[in-house]
Every structure is written in structure tokens, then in C-alpha cells.
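For the record, the sequence lines run as chains R and W.
Letter by letter, the first sequence follows residues 1 to 291 in the working numbering.
Letter by letter, the second sequence follows residues 1001 to 1232 in the working numbering.
Be aware that one or more of the hints could be misleading.
[Stated by the list, open to error] Each computed DSS-like pair below joins lysine-lysine, with the alpha-carbon atoms no more than 27 Å apart:
hint	chain 1	residue 1	chain 2	residue 2
1	W	LYS1197	W	LYS1107
2	W	LYS1197	W	LYS1083
3	W	LYS1048	W	LYS1083
4	W	LYS1174	W	LYS1147
5	R	LYS183	R	LYS91
6	W	LYS1134	W	LYS1147
7	W	LYS1174	W	LYS1197
8	W	LYS1107	R	LYS183
9	W	LYS1048	W	LYS1147
10	R	LYS183	W	LYS1147
11	R	LYS183	W	LYS1197
12	W	LYS1134	R	LYS183
[Stated by the list, open to error] Per the computed footprint, the stretches of chain R lying under chain W, defined by three or more beta-carbons under 8 Å from a beta-carbon of chain W, are:
hint	segment
13	20–26
14	42–53
15	137–148
16	179–188
[As the list claims (entries may be wrong)] On the chain W side, residues computed to face chain R include the following (Cβ under 8 Å):
hint	residue
17	PRO1002
18	LEU1004
19	LEU1009
20	ALA1201
21	PRO1202
22	SER1204
23	PRO1206
Simulated from the structure, these hints should not be mistaken for lab results.
By construction, the Cβ of each residue, glycine as well, lies at the ideal position given by its N, Cα and C atoms.
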Amino acid sequence: MSAGLVLPPWRALGASRRGAAHVRSGLPNQDALLLPDLESDPPWILALADGHGSPKSFRSDRGALLAVNTAAAVCRRLPCDPESPRLSTIKHWAEDYLSREIVRCWREAVDEDIAAHPIAAEECTQSSLASLESGGHYLAYGATLLVVMVTVTFIIYWQVGDGDILTVADDGVVSRPLPPDEKLFGNETTSLCADRSWQEARTAFQVLAGAPPALILVASDGYANSYRDEAGFLRVGSDLLTLIRADGLEAVAANLSDWLDEISRQGSGDDVTLGMLCRTTTNPARLGQWG
Amino acid sequence: MPKLPGGELASRPLHFIWIADCSGSMGVDGKIQQLNFAIRDAIPHMQKVAEDNPNAAVLVRAIKFSNGAQWHIAQPTPVAEFKWLDLEAMGVTDMGMALSMLAEQLKIPPMSERALPPVLVLISDGRPTDDFQKGLSALLGEPWGRKAVRLAIAIGEDADYEVLQRFIGHPELKPLQANSPEALVRHIRWVSTAVLKSASAPASQPREGGVSKLNVPIPAPPESGDAAEDVW
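For reference, chain R alone in the conformation it holds in the complex (with noise of 0.2 Å):
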């Protein structure tokens, strides 16, 4: 941390769990979840990603933890200094560099990985080899991404496939900073391992002025899907302000594993996994001091 930022406006907490259906069939937790580290420099750096985990895509928990490794080390290579940026070079940068170099840097990765591990005939099924065989061993790693980068002065919303990332304002009201994508409809998603993926990214840049969001969430969609509806999923956004602001993070860190346990047998039965970050002060001018 730099010397004159005493402390970070924001404090971060997470879990992943692996679902109930996983539970039952054998099957790893395929989410990966980073959380930033607050005690250094920005930018801060929250990123979840979500292996498909179907038997073409039977390193997708490798490659959700390569994702959110990746996303990490990409972000950090913003073109300035993130406390005194140039906001629309900053923009420009997020919605094309960004997309690109994740992307580049996870297949990047992936090569990596599997000269490091080579695949072996005993991990994947016949149709799985002719698909590697045929070019489609980024889809043995396929993973979703979800990533927030925070500045003091700016945030940045990257996303490819599906999950959710909700903003709750200091009033309680859930927003979604991204667009929906119609592409993702059923169990089919846009995929880090797909052809062009990174034209399949969302991007939204919000600058930390007038009324930040209070609290950002970041979840994998077996949390979403685990709910009757929409609405019920969105609460989550203003329950969990509520109960920090009641009871602390602290109370809530207490009880994030065995609710999201809870919510995967009670609903979707796939990994869920959510990451958050809660803004330190609800004062927008108190929060200018740090921009």
C-alpha cells in the first residue's frame, strides 16, 4: 500500500462451494474464485470463473483457476497510474485491450499448462481425444469469466458467459452494471475457450463519483439458478447489505459457506460461488479523499 492511502475503501469477502449434484456424483468444486488484496496498491482485482465441467471440458477446473489468475495479471498492467488515470484512455483500454489480452493470456495459459500436464487417454472419454485431436483443447479447459477491477477513481465490469455481477447502491437497489446477453439462454454460454471469445465480453466502466455502489457482487449461476426467480436472486444484493450493515462482515463471513452449501441443496445443486466487495464508507465525499 501506498504511503498516504491509510486504508482501502473497500474490504472483500468470498466462498466457493462445490454443489450438492457434484457432491453426489464425484464430480470437484470447477469454480475458482480471487479475491484482491486490499493491502496493496490498486487496482484491486475481484474475479470468479466458472468451469463448464461437462466430459469435453474435463480440465475446466484448471481452467477457471487459470481464468481468474489470468484476469488478475492482465489488470494489472493498466496503462497509467490508477490513482491520476486518463478516464477515457482508461475506457478505451477496457473495452478493447482487455478483452483481447485475457483471452490471448488464458489460452496462453492453457498451452502452458498442458505442456507442463500433458493429457492423458485415462482423463477423457473417445469423443473427448477426437475433439483435442481436432483443435478443441482449449474447450478440455472452457471456462466462464467474471471480473471487477477497482481503482480509487474508476470500476471496471468485464464479463464473458454466464453469472451474474449485481451492484447494490448505499439504498439498497440492485442493479446490473453489464447488459444482459441474450446468448446465454439454457445450459449454452459464451466460453473463454470459444472461437473470437473476446468480442463475446461485456464491458462496463464506471467512474467512483456522486453515488458508488456500496456493496459489488460477483457470483457463478448455480447461485442465480438456485432461485424461484429473478427477484429472489436479487435480493440477495440488498439482504447482504442489510446484514452487514447490521450484524458486520465479520457475521456474514461466519455464515457464507454453510448458506451457499445450503442454497446449492435446496436449488440448482451446481457449485456456487460468490465473491463481494464492500465499499468501508457510505459517503461519497469521504470516498473522494481517496480519489
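Add chain W to chain R, keeping to what the hints say.
Positioned in the frame of chain R, the structure of chain W alone reads:
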């Protein structure tokens, strides 16, 4: 543990729909009786598969077609409570109308966006007598129609294999040929169990990246059986 954040939790609905040919020819050589038997026989096995995956709420119903089409079991029924009502054979083969009626029920709403891909099983022994393409277009015009697991069972050698293949829409997946009561039971059992199990917990499917375009991985189907047992 404090109250969970958020609204009501729920397992994901999985709609399983039989689409049954009840034309007059299904009355020949006991085909309709065998179909009734095969579906009734499969119900306990379906229930067992559903019990093994409480995260999918399997809801079953049936539509029939002959002179026109109508919902035979209209209410999406939890599989644990599902009872088969016998079909009777008479009339022509208005398959297109059945698909159009099905398309109406696959709209959002009444379907939910968070549902699992529905399983649609078309069973027929003949050629459509109405505008099949119109019905198929209506079905594929709905997102859940396109994303559904569409399977077909051809009963006897007079079934229109090409029409059933168009309904399935995936060249790697062929209509199941049932030329005997035994083969019909095997095929009905397979769609009710192996396919249902696969559809109950589908992994995410990336767009473009996969070799297969099937929305749900379909397990290997049973053999059609020994030609010596063929009666239809």
C-alpha cells in the same frame, strides 16, 4: 444459521413431454396398447431417476395427435404423482398441429428462463397429414423449442423417418426404430431414464467451441433389436 439472504429457493424445473401419435394405424397390431404399456412401465424408473437428483423438479405431461391435436395430460405433473392415461387410436396424423400446440406451451412465460432444457419425445408410426413444417417452425421459433432435447421413436417401417429426423434436428442423433413391442419398451425406458438423468444435470455448453451441437450430452441409445423379433 441465520436466515439465508435472498428470496425463495427452488430446484430447477425439467419439463418432460410425450408427443404421441394416436392415428388409426396405431390401432393395428396392438401398437397403441404396447405404447400405453411401455410408458406405464417406465414411470417407476423415471421416478427413481428423479429421486436421485432432487435439484431437478421433473414435470411430465403428454400431447396426442390424430384428427387435430390436444393435450392428453395438460398439467405439468410432478413425476412422483404422474399416472399414465391410456391413449386410443383413431383418425389421421396431424403431427404439425401437435408441434404448434407444444410451441405455445414452451413460450416464456409459461416456461421459466431458469428451467433446465425440456425433453420432448415424439412417437409416431406414420407420415404427417397436416403441415408438419409449420408446426416445426413454430416449435423452433421458441427459445425453449430450439434448446429442448428432441428425441423421436419410429414405430414400424411405415414411420416417416425423415420427418422424425427433422424434428430431432441433429444429424448425430437418429430416430429410434421400434419394430417390435420389446424394442418399443427398451426405447421408452431409455428416454425415460438415461436421457432424463443426463438432462437433469446438464453441464454448461460453450457456444461454438464444441464438436457436438447437442444442448445436453445424450448417452448411447439401446440397440433396435434383433430383426427376427420384428412384427411392425
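The hints, checked one at a time:
1. LYS1197/W to LYS1107/W: Status holds; Cα separation ~24 Å.
2. LYS1197/W to LYS1083/W: Holds: LYS1197/W and LYS1083/W sit about 20 Å apart, inside 27 Å.
3. LYS1048/W to LYS1083/W: Holds, at roughly 15 Å.
4. LYS1174/W to LYS1147/W: 17 Å, holds
5. LYS183/R to LYS91/R: 25 Å, holds
6. LYS1134/W to LYS1147/W: 18 Å, holds
7. LYS1174/W to LYS1197/W: 19 Å, holds
8. LYS1107/W to LYS183/R: The hint holds at about 17 Å.
9. LYS1048/W to LYS1147/W: 25 Å, holds
10. LYS183/R to LYS1147/W: It holds: about 12 Å lies between the C-alpha atoms, which stays within 27 Å.
11. LYS183/R to LYS1197/W: Given pair LYS183/R, LYS1197/W holds - Cα atoms ~25 Å apart, limit 27 Å.
12. LYS1134/W to LYS183/R: 25 Å, holds
13. 20–26: Contact hint for the segment 20–26 of chain R vs chain W: holds, 4 residues under 8 Å.
14. 42–53: Three-residue rule met by the segment 42–53 of chain R, so holds; n is 3.
15. 137–148: Result for this restraint: holds, n = 4.
16. 179–188: With 5 residues closer than 8 Å to chain W, the segment 179–188 of chain R meets the three-residue bar; holds.
17. PRO1002: It holds, given that the least Cβ distance between PRO1002/W and chain R is near 6 Å, below 8 Å.
18. LEU1004: Cβ of LEU1004/W sits 5 Å from chain R, so the hint holds.
19. LEU1009: 4 Å, holds
20. ALA1201: Where the cut-off is 8 Å and the nearest Cβ of chain R is about 5 Å from ALA1201/W, the hint holds.
21. PRO1202: 5 Å, holds
22. SER1204: 4 Å, holds
23. PRO1206: 3 Å, holds
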